[in-house]
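> Using the sequences and the hints, build the whole thing.
Protein sequence lines correspond, in order, to chains A and B. FYI, the numbering for the first sequence is 1237 to 1575, going by our numbering. FYI, the numbering for the second sequence is 1237 to 1575, going by our numbering.
It is worth saying that the hints were derived from the structure and are not from the lab. Incorrect hints may have been included.
What the hints assert, rightly or not - Negatives, chain B to chain A, calculated, CB over 10 Å: (1) V1238; (2) F1297; (3) R1330; (4) P1358; (5) K1410; (6) G1421; (7) H1490; (8) G1516.
As the list claims (entries may be wrong) - Taking lysine-lysine pairs in the BS3-like style, the calculated list, with each CA pair at most 25 Å apart, reads: (9) B:K1513 / A:K1523; (10) B:K1362 / A:K1513; (11) B:K1246 / B:K1574; (12) B:K1362 / B:K1545; (13) A:K1513 / B:K1523; (14) B:K1412 / A:K1513; (15) A:K1291 / A:K1317; (16) A:K1412 / B:K1513; (17) B:K1430 / B:K1441; (18) B:K1513 / A:K1291; (19) B:K1412 / A:K1455; (20) A:K1291 / A:K1554; (21) A:K1291 / B:K1455; (22) B:K1362 / B:K1554; (23) B:K1291 / A:K1513; (24) A:K1513 / A:K1410.
Every residue, glycine too, gets a C-beta built ideally from N, C-alpha and C.
Number of protein chains: 2
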Amino acid sequence: MVLGRRFVLKHHFEGNPKREDFDLVEEELPPLKENEIQFHALFLSVDPYMRPYTKRMSPPFTMIGSSVAEVEETRNPNFKKGQTIVILAGWVERGIVNPDAMGKNSPGNTLGGVMPAPDLGPKLSKSLLLGACGMPGNTAYFGFLELCNPQPGETVVVSGAAGAVGSLVGQIAKIKGCRVIGYAGDDDKCAWLKSIGYDEAFNYKKVGVAESLAKAAPKGVDCYFDNVGGEMTAAVLATMNVRGRASICGAISHYNDKGEYTKVTDILPIAIHKELKIEGFLVGRWKARWVEGIKAMAAWVISDQVKVKETVVEGFDKMPEAFMGLFTGQNTGKMIVKA
Amino acid sequence: MVLGRRFVLKHHFEGNPKREDFDLVEEELPPLKENEIQFHALFLSVDPYMRPYTKRMSPPFTMIGSSVAEVEETRNPNFKKGQTIVILAGWVERGIVNPDAMGKNSPGNTLGGVMPAPDLGPKLSKSLLLGACGMPGNTAYFGFLELCNPQPGETVVVSGAAGAVGSLVGQIAKIKGCRVIGYAGDDDKCAWLKSIGYDEAFNYKKVGVAESLAKAAPKGVDCYFDNVGGEMTAAVLATMNVRGRASICGAISHYNDKGEYTKVTDILPIAIHKELKIEGFLVGRWKARWVEGIKAMAAWVISDQVKVKETVVEGFDKMPEAFMGLFTGQNTGKMIVKA
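And the structure:
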């Protein structure tokens, strides 16, 4: 008898996620049918996007998300026992899927259900497949390079800079010859940001954006990579140069908003006056270039041009706590659960 | 002795513009110096952009704006007596300028100071050089086509649709094979919009945006051309399709805002989820293609594919009233003052 465990989201989040929003389900796994595989997770990902995504789904359901897993049993000719995969199966410690039938029904399914793990070489942890060499890495790589089109000598601002994506964006910007300024929520994160190459890093709980950018970005801001939204974004946009580009990746400050988004949009007069381009994106836009992004990021990590930090929570049963920690600033770099 | 008249803006506007914000100055014009010309205005333009522009200037100054004028006297070899010009001299009935010295000091100087009037042929009024075949025409032409990139069969929404720019955008969208929905502030304007080709036109004072678009745009909105901002814009963005494009031309609903733009920007979560591109612009961006735009618009007007309406106020001394009327919905199409 093989037991599997998974987390079920019982209802929509109200305010910040809580332990009680989840049920940990333990169940006996049935025998494999044709084309199915049985996997167990090695590392699981928790990411801020899970909050807005689940808003548009109907609970209860197995909580969404991707993991790096190992194939334990297989009746699918394309997957071998022992093989490492990246799988969008949700918060599942051990489970069964039919890889051929996955995809359309997997929310946020950027990777198309199950993907054989790209080979990162001997030096890198497989957990990076959920971070710098996975979805967050491609979010930084394409979302920043394609939408901000940064030029050498330009000034780049990153909000949520110490997160999985923001910490990569700043380092990519440095590689591209930009001056980079980051905002994060505590002094330790800011110190870390400077240690990985950020020219300036500010604790937004201590200093105002306008005030700090007046000193740190005397020539104005050309590119803004936004993980936060809200007043932070309004303040950064107000400092931007003509024809500045803002890539809107996340809006974590809005995730406690209730109902529809009907507040007034005072960023528009600034957008006109400064001729700003403000573009939101989901990383699935670059699905066709997925491996290109992972290879580029992996090469930078191997050559030490991009430094990676993970906040690792041990134990599958701690998935909710790891997820909750994303919204209270517990992670520096990528938040990972080691199963 | 030659007398000239001009309007001086005494101080920044507070709330809607008022007659008392202006002084009408009458003064004797000096003899022409070398390279100067003396002109008198035939038609003068009042435009919403004048409000945000003057906010960033230091009154008192001659109120800004462009006019179609005739050269009365000339000591400049490039300008002949009797020649028609388009000039960014401000609210000036008769005045003197040195065309060679204009440009850098003229705010919003898209046309580079003084431009010989493009020949619109025998059928069109020279007043169109301030409207469909001038700055508003190019604003519609480039601002819509270049930033929204409309495709046949797509749905386009225009706010401020009965204004000088909006009425042109809708007709350009029809030429490009789109379905076009406009919002305006009274029923007569809506009736007129339908008469010039808008598929649907709604009085935003009577019907909600979400409600009306649910019926009028069942396939969602692909392009939004915005003259208004505020809650109208938030509501339209919420109906947009994935990868929708919003061209932010004006924000007339914000022009009474005080101080800085620090309210929260709830459009950002929508921008991410729908991967919207929201781009503000000033028409000077397409300065190098200015004549191309005017020629294209003139050809459409001559062939009756674009219908033009002007609201003409008679008498130079009525400039403030014409301008004030822009913010209380007095104009259908382009507001013009006939000197």
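> Are K1412 of chain A and K1513 of chain B close enough, with their CA atoms no more than 25 Å apart?
Distance of about 24 Å is within 25 Å: holds.
> Holds or violated: are the alpha carbons of K1291 of chain A and K1554 of chain A at most 25 Å from each other?
22 Å, holds
> Check whether the Cα positions of K1246 of chain B and K1574 of chain B lie no farther apart than 25 Å.
Distance of about 23 Å is within 25 Å: holds.
> Quick one, are K1430 of chain B and K1441 of chain B close enough, alpha carbons at most 25 Å?
Given that 25 Å is the threshold and the Cα spacing comes to 17 Å, the pair holds.
> Does K1317 of chain A sit within 25 Å of K1291 of chain A, going by the straight-line distance between their CA atoms?
36 Å, violated
> Take a quick look at K1410 of chain B and tell me if its Cβ sits farther than 10 Å from every Cβ on chain A, holds or violated.
The claim stands: K1410 of chain B keeps its Cβ more than 10 Å from every Cβ of chain A (closest is about 25 Å).
> Report holds if the minimum CB distance from F1297 of chain B to chain A is greater than 10 Å, and violated otherwise.
At about 19 Å from chain A, F1297 of chain B clears the 10 Å cut-off, so the statement holds.
> Just checking, P1358 of chain B versus chain A, shortest CB gap more than 10 Å?
37 Å, holds
> Given the hint that K1291 of chain A pairs with K1455 of chain B, does the C-alpha gap stay at or below 25 Å?
22 Å, holds
> Is the Cα-Cα distance between K1513 of chain B and K1291 of chain A 25 Å or less?
The hint holds at about 23 Å.
> For the pair we were handed, K1412 of chain B and K1455 of chain A, check the Cα-Cα distance against 25 Å.
Cα-Cα ~41 Å, so violated.
> Mind checking the alpha carbons of K1362 of chain B and K1545 of chain B for me, to see if they're no more than 25 Å apart?
13 Å, holds
Checked against the numbered hints given earlier, this structure breaks hints 7, 8, 10, 15, 19; the rest are met.
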